[in-house]
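So the protein lines, in turn, are chains C and Y. For the first sequence, our numbering assigns the number 100 to the initial residue and increments by one for each residue that follows. For the second sequence, our numbering assigns the number 76 to the initial residue and increments by one for each residue that follows.
If you are wondering where the hints come from, they were derived from the structure by calculation, not from laboratory data. There could be a bad hint or two in this list.
Just a sample of chain Y residues kept apart from chain C, beta carbon distances all over 12 Å, derived [stated by the list, open to error]:
hint	residue
1	E86
2	N98
3	N132
4	A135
5	A139
6	T155
7	R190
8	P204
9	E206
10	R214
With the Cβ distance kept under 10 Å, some of the chain C side facing chain Y (calculated, not the full set) [what the hints assert, rightly or not]:
hint	residue
11	L113
12	A148
13	R161
14	Q165
15	V348
16	R349
Glycine included, every Cβ here is placed at the ideal spot set by N, Cα and C.
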Amino acid sequence: MNDHIEPNLLHGYLDGELDPDRSLVIESHLHKCQDCSQEYRNLQALRSAIRSNVPYYPAPLRLRRQLDSILRAAAKVDKPQARTVKLWPWMGIGVGASLAFALMMVWSLGIFRWQTPVENLLVQEVLSSHVRSLMANHLTDVVSSNLHTVKPWFNGRVDFSPTVKDLTTSGFQLVGGRLDYIDNHPVAALVFRHQQHLINLFTWPAHREKDQRVQSLTQQGYHVIHWTQAGMEYWAVSDLNEQELQEFVRLYQ
Amino acid sequence: MQEAEKPSRFEDAVLPNLDAAFNLARWLVRNDHDAEDVVQEACVRALKYFSAYRGENSRAWLLAIVRNTGYDWIKKNRPTDLVTVLDEGRDGGSADPVDHFAKELSNPEILLLQRADEELLKKALEALPAEFREVMILRETEEMSYKEIASVCDIPLGTVMSRLARGRKQLQSWLVEREKQG
Numbered sequence: 100m101n102d103h104i105e106p107n108l109l110h111g112y113l114d115g116e117l118d119p120d121r122s123l124v125i126e127s128h129l130h131k132c133q134d135c136s137q138e139y140r141n142l143q144a145l146r147s148a149i150r151s152n153v154p155y156y157p158a159p160l161r162l163r164r165q166l167d168s169i170l171r172a173a174a175k176v177d178k179p180q181a182r183t184v185k186l187w188p189w190m191g192i193g194v195g196a197s198l199a200f201a202l203m204m205v206w207s208l209g210i211f212r213w214q215t216p217v218e219n220l221l222v223q224e225v226l227s228s229h230v231r232s233l234m235a236n237h238l239t240d241v242v243s244s245n246l247h248t249v250k251p252w253f254n255g256r257v258d259f260s261p262t263v264k265d266l267t268t269s270g271f272q273l274v275g276g277r278l279d280y281i282d283n284h285p286v287a288a289l290v291f292r293h294q295q296h297l298i299n300l301f302t303w304p305a306h307r308e309k310d311q312r313v314q315s316l317t318q319q320g321y322h323v324i325h326w327t328q329a330g331m332e333y334w335a336v337s338d339l340n341e342q343e344l345q346e347f348v349r350l351y352q
Numbered sequence: 076m077q078e079a080e081k082p083s084r085f086e087d088a089v090l091p092n093l094d095a096a097f098n099l100a101r102w103l104v105r106n107d108h109d110a111e112d113v114v115q116e117a118c119v120r121a122l123k124y125f126s127a128y129r130g131e132n133s134r135a136w137l138l139a140i141v142r143n144t145g146y147d148w149i150k151k152n153r154p155t156d157l158v159t160v161l162d163e164g165r166d167g168g169s170a171d172p173v174d175h176f177a178k179e180l181s182n183p184e185i186l187l188l189q190r191a192d193e194e195l196l197k198k199a200l201e202a203l204p205a206e207f208r209e210v211m212i213l214r215e216t217e218e219m220s221y222k223e224i225a226s227v228c229d230i231p232l233g234t235v236m237s238r239l240a241r242g243r244k245q246l247q248s249w250l251v252e253r254e255k256q257g
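Go ahead and model the full structure; you've got the sequences and the hints to work with.
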């Protein structure tokens, strides 16, 4: 074998990733070939320099503590969960979603709220998505006030086509759209602005056909309105006052 | 109830790998604060996807999520950090076969490497494109196998090998250049 070793293979050999036959061929070539064995020694020197000198960054204690306390909190949330699902079958909430909610709430709001009645875990999930969209500076993936831009943007991103309405003349300006993840599904989040207030409207296909009447509630200063219509779930969240948010929902319906 | 076991299993899957998660995130985004954000977000995603986790290699599973989260973060906050690695096929391609023996390096290079301190190596690695940096970190600090790296980075085995080859070569050249400049 007079040709030099194919360079990638020398790295595979260094990493002990070649099959025994190939390794033998390379080993015997290295004995004979000055150039290749020099190159191999260079690589070994590089490896040992990296392994002994490159910094390894262990997780900071703060991060570890945060995760610890969140997991303990999430485990508590999990117990009343079983009852919740029976009481509120339409929620179809998974444990994953409730845990994810737990993490998001703690990390986005920095507070524990496990005393909250657990019947509205989905409410909390929607709410924390709303808050996070404002905090994480990730309000929109597509910025446009044109519904003919926003609606097609969701093609191929979600497996449904969300209803996007232009309510500018009524004072609710379309800001854009965003992909979000709620109740274990990718969902469409449509963002509207009314004066200085932002509204997130989350929508995804409903678990059941029958339309549900509008339900509304207030939590942590936010108003949440939920309804289903034509096989779609709708959740509107905002810090807008309740009347105006209801007006928005009425127009949207 | 089967589901009730999940939090503790989630802990088992995540907590032992938290150092590896942070190390990878730290090397991807290159500062502590942003790396913490990335790991937090990755843990949120990991919980969401936990139902799909089948209990295999938990480190590779978590690191794949950390990596994706890290890339999303970079795309959003520092898009110029990402250069597309062009000259490699799906099967990996090869690492510049013509000019791979830089003979003038040989012995002096070994001496140079023996002198290279932590600060210098850190700079050299941080100067690598993310695609090369991540395979180097996974290989040299996590000592992952090609198969594990392939699953974390979602690339074929051949590409793992060629990226390591090119990453190491770039690292060598960078160190030699640095030495020449004094």
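Outcome of the hint check:
| no. | hint | in the structure |
| --- | --- | --- |
| 1 | E86 | violated (5 Å) |
| 2 | N98 | violated (5 Å) |
| 3 | N132 | holds (17 Å) |
| 4 | A135 | holds (16 Å) |
| 5 | A139 | holds (17 Å) |
| 6 | T155 | holds (18 Å) |
| 7 | R190 | violated (9 Å) |
| 8 | P204 | holds (17 Å) |
| 9 | E206 | holds (16 Å) |
| 10 | R214 | violated (7 Å) |
| 11 | L113 | holds (9 Å) |
| 12 | A148 | holds (4 Å) |
| 13 | R161 | holds (8 Å) |
| 14 | Q165 | holds (7 Å) |
| 15 | V348 | violated (28 Å) |
| 16 | R349 | violated (33 Å) |
Of the hints listed earlier, those the structure fails to meet are numbers 1, 2, 7, 10, 15 and 16, in rising order.
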